[in-house]
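If you follow the hints, you should be able to join the two separate chains into one complex; please do so.
For the protein sequence lines, the chains are U and A, in the order given.
Counting from 1 along the first sequence, just add 58 to a position and that's the residue number in my numbering.
Counting from 1 along the second sequence, just add 44 to a position and that's the residue number in my numbering.
Honestly, the hints are just simulated from the structure, not real lab data.
Take every hint as true, because none was put in to throw you off.
Far from chain A, some chain U residues (derived; all Cβ distances over 10 Å):
#1 K90
#2 L114
#3 S175
#4 Q198
Within a straight-line C-alpha distance of at most 25 Å, the following computed PhoX-like cross-link-like pairs (lysine-lysine) qualify:
#5 A:K320 <-> U:K401
#6 A:K394 <-> U:K356
#7 A:K320 <-> U:K457
#8 A:K394 <-> A:K320
#9 U:K389 <-> U:K356
#10 U:K356 <-> A:K391
#11 U:K356 <-> A:K320
#12 A:K320 <-> U:K389
#13 U:K158 <-> U:K90
Backbone N, C-alpha and C fix where the C-beta goes; we use that ideal spot for every residue, glycine too.
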Amino acid sequence: MEWSETAVRNELRSFLESSWDPNADLLDWRNKLIDAGWGMPSWPERWYGRNMPLSLQSVVADEFARVGAVSVARTGIRLLAAETLLAHGNDAQRERYLRKILTGEEIWCQLFSEPGSGSDLAGSTTRAELVGDNWVINGQKVWTTSAHHADFGLLLARHDWDVPKHQGLSYFILDFHQPGVDVHPLKQMNGHASFNQVFFNDAKVPRSDQVGEDGDGWQIAMTTLMHERRNAGNIFVETRRRGVFNGTIYEQEAEENKILLEPYTWYPQRAGRVDLVLPRARTTGAISDSAARQEIAKLLIMARCAEWTALRARAAQQQGQPQGPEGSLGKLAGSNIARQAAKVHTLMTGIDAMTSGEDSPESGIIAEILLSVPAISIAGGTDEIQRNIISERVLGMQKEPRTDTGPFKDVRKN
Amino acid sequence: MTAYAFTDEQLQLRESVRRYLNDHGTVLRTRELMDDPEGFDQPSFQGLFNELGVGGVHVPEEFGGAGLGYVELCIVLEEMGRSLFPSPYLSSSVLAANAVLLAGTLEQKADLLPPIASGGQVATVALYEESNLTDIGNVTQCVVDNSFTGVKSFVTDGHVADQIILVAKHAANPNGKPKFWLSRSDDPGITCTSMTSIDTTRRISRVSFENVKVEPLGDVEADFSVFDQFIDFALVALANEMVGGAQWLLESCVDYANNRVQFGRPISSMQAIKHKCADLLLEIELAKSGAYRAAQAIADDDPALPVYASIAKAAANDAYMLAAADAIQIHGGIGFTWDNDTHLWFKRAKSSQVLLGTSEIHRDQMLERVDLLEVG
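With the rest of the complex left out, here is chain A (with noise of 0.2 Å):
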């Protein structure tokens, strides 16, 4: 992306990936992992790194990966939202991969990311804890002498990881920033349960760790945290998932319009659907506009990032809801049914807006960010 243009290259990775989820990542598809305890298609995902090649988008070439760039990771996060493709992809790829090229040593990288990139293991991030369940930023739970004990929740993809990377603050520093440290899931002392998410396209978990021996992920004494770091790609990342779920919308909304015909027309020729439809891809493209400015920030790796990662995940949410809503509205009672596709998206939009911190959330903090906004 050169600036607000995305570069030839860029608009060649986003077409190989809408083909290969074309072809893997069908709506049927999907319907049926529903129903599987793992929820998600092993040959399709290893797929995504032995055919596709984007395991590691991000992730440098000495570590496995393609040695490309977040604006990249984030248009392959962007196809996968649209099509709703089940994967542990952004719990690993994106969240654990973050975490470790963030805080780990060179010999924790070497070692970590491979794995990762090759899609050979699956890891996750273990972030929420009853303290942070709406101030992310708010983990109380402390390692004590390289050992934990406590209950993390919500952690995506928990019930497939090998590798869990718990959030938790260092003892000797309980008033500094939350640190991060690496545990795996066959460790003696964890256990992992399923929780019930009504968007059964993303499974969470609850892990339970009972004197579990961790070890520290880069080095934890230091004062200096990349944690916010840490939450603001995340956030950039969702939020490009995000709107391509909210334009797959919107896409149907129009296709359904176009097709449905009452008193004696197709519905899309009615003003009142399609002011509807205008405004929604109005929202739209502001919301990508804002996903895609804050992927290129971290890119370039520009000082207004936190204000522009609330941006992206405040329009995004806001976006992806009302994408949501409005497209049940204008399937009208097609739309409330469990056979109709609409409401898969609908979870997902509801699942995603309350993870990593709803709108409210990210409006404030981007106004206490703002003074960041006179650099950028």
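So that you can see chain U by itself, here it is in the shape it has in the complex (with noise of 0.2 Å):
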């Protein structure tokens, strides 16, 4: 059918008027959502959606932050799960994992990198060999938010060293509650440990449990990669309620929060946070120093600039018109933004700036910023990787000769 912005809003306000309940049970309401097919309304009516288009998003959680209604489960990287089992996955995986990714029952984590593959993901060495009805797993991946409370991994790993390194990868679901799976935390230099070292022991996958065919591996995590892309700002749980809302539902989801927002405490100050830049410019007297104030305003210039080049990109988009270069440049961008606010945080901060814990600045907040930056360039992509992304795909330059394009078993490895 055709949606309408008008249409929407009726249907999905008279749905939330009969039904959402701020005492119901997190999991019955969540079900609720799901069978109406308001918990993830763009998704194909088969799998508990509307084929509603994205640009309506926008509407239905605007009417549910009207009434403060709780969503399906959207934290950590559960959609883009869900994003690549409806894009890639058979009916069977589709009816066993995808309800419980969105009532919250499961969850999911990302097994793509490992030590020795970072930049060149394609360079995967865990291995993954048929035996009988089982592919065995073994070697190790890391960098895996939330691993020690997963449920399932989607895994990347090597089925066949003969062929160039793109081919002979594939793609799996893994059972984290098995003994061949080993999760250790790995400590930040900014003293937060918000990932994990996975390491697969003769681990075992059903066959039925691999997405797509031998060799699809690749493609199939491009589909991960892309959805992560788009939403790098949905990690969190969209907190657009207007206003303050009593109910035991909302305890049930903070309780759920806090345990799978805890690895992403530290990532505003990964960004460098900018709010924070003028009131601390006004209450350390920053303001009135000229050479302080050209720093802060660099920065300030550039955090507009890159908030109005993102909305061209969006107004782009919704207009139909071909994506234009300002589209790829966002992660770029918040990167040397980073590292500005790092250094305006600093010289506004002065000999502070060493220092850390509750009694030092911003109860901390700013040691934290000075020791997440270094992230931001490198977590996702790093800034070396997304100018080589943009030069080629946007700027069209060549790529560079390489020299990794034969069988995987010759190509030279860490």
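In structure tokens:
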């Protein structure tokens, strides 16, 4: 059917009026949302959705926010798993996994990066061997968020070493509840341990949990990563609710978030906390220092222009105009902004910038900024890889000659 | 522009301006004009008015203009900056037209705007004097009894202007904001001498006034002044012109790098080169966003304009100069030669960077006005 904004608003509003109850059980409510197609309305009707265009997503979010209704589970990488299964999984896999992704009953993680393959993701050396009806997995993954809570992982592993590297990869759903899987926390330079290392020692994946065919791994991983980039800002729950709402369902939701959002508490600091700059410039007096003013203004100009650039990209997309370069630049801009913000926070804070903990500036937030910003130009694709992508795909510049195009077994590795 | 995207009509306007300038604003012709005393091609300049119809883009139809908005004007300027089209367009159709639109009485608009919008006359604004070379608002010269004596410099296209709009204070109110006054270049007492600019595609003059009778533009007795607004409008126009030039430089870098072979491969396959280009693209797109947003703010009468105008100029300054310096570097030795075209844009970048305020000045200024950001 054709969707209009008014139609969506009317229908959703009457659904929420009749069904939303802030004292409902979280799981019951989410199942109700899923059955009604209001959990993920952009999904196909067969899979809990309403085939609604993505452009109306904000209308839906708006109606939820209006009454303070809780949404389906969206935190972490669960929606990347769901979108990947929608795109490449089979019906049995969708039947088995999608609903519990949305109810929040099952937690997912992404098993892509390895100690030996970071930027070069296709250089994965985690081994998948078919023995009888099971794939047997050996190797190591790293930078896995929430692995210690995970029920399932999206796994990229190599089944064929005799073909060029992108062709020898396959994609699997790995069950964490088995003896061959070991999870160890990975402590970062900022003191948090938001990620894990995951070791596989003859871990098993039944054939029915392979996504796609042998050799489809790279293509499917690209789908996952495309959704990761698209949702980069939505890792956090959408808290567009206006006002204070009371009810037991919020307590259940808060409990869930406490666990799932814990790895992300330092993410705002990683982006440089531009919001703190002007208030601190005023309290520290840096606003009257001519050298500091230059650096502060550089930062604010960069941040404003980046915000407008993102709005240009979105507006062009909404008007159906071909995507211009402005859509690919956000990540690189974010790195520059974060680094400049760290510089500004340092110069405004002076010698106190070496202190950390509760007694230090902004109760340790400044220290956390300074120690977290180095991650932003690495995570999710380094700045250098971004520049390669931008120069090749947007500017049409030539690729570097490669030395890794032969059979993967012959390619030099770490 | 509907907030952040250009409309189809605006995209068409850009297309037709680009097509016109591709034909009439070739680098070859520009190089010839660099040695010409007037410095621009009369027929091509007139064509902007007669053929292309962009003479008075943002001037209301009742005053002989096209009745479009400031966003459309900025599209024309961006394309002119891109092709480095030498003409008194910025002086006449932008600066002088803006002064009249902002300050003039209805009668003066009806009198002055039609010849500007039709290209029949060239006008410019005489703004700079010794006291305001760095702080543009610090105009100290005064008009006394409708008579002016003093020297104005960096008057763009003063050498071909028929009408010179003077910026000076009213002697009755020396602490007030500067006002606008009308004079004609053939008025007795006016002498115009050319200044030598590194950028010969935009001419500048020193205009000396000796007891010149000037006519007030609008109500010069009022406390209220449109001077700040005039400067903001000018900054936005210039910033849009500048991002066009920066974009041309980036395209020339990519083109050169894709064709230049060293060590057996095109240098565009080397990360040292391609990363530079990617960084340039980012800076230029950010600057474009600033310039476009500020143009829209003028169209919307947005109270945050003073902040946006400074953001636009500072971002355009930095992006254009970075593009100019990197373009020479990427071209290597050939990029430092006179025969290579890069230096023409480098010189325009430099002259534009210092016209109407360097980045340092605008960064400082945007912080002074930053409270307005809460509004925008």
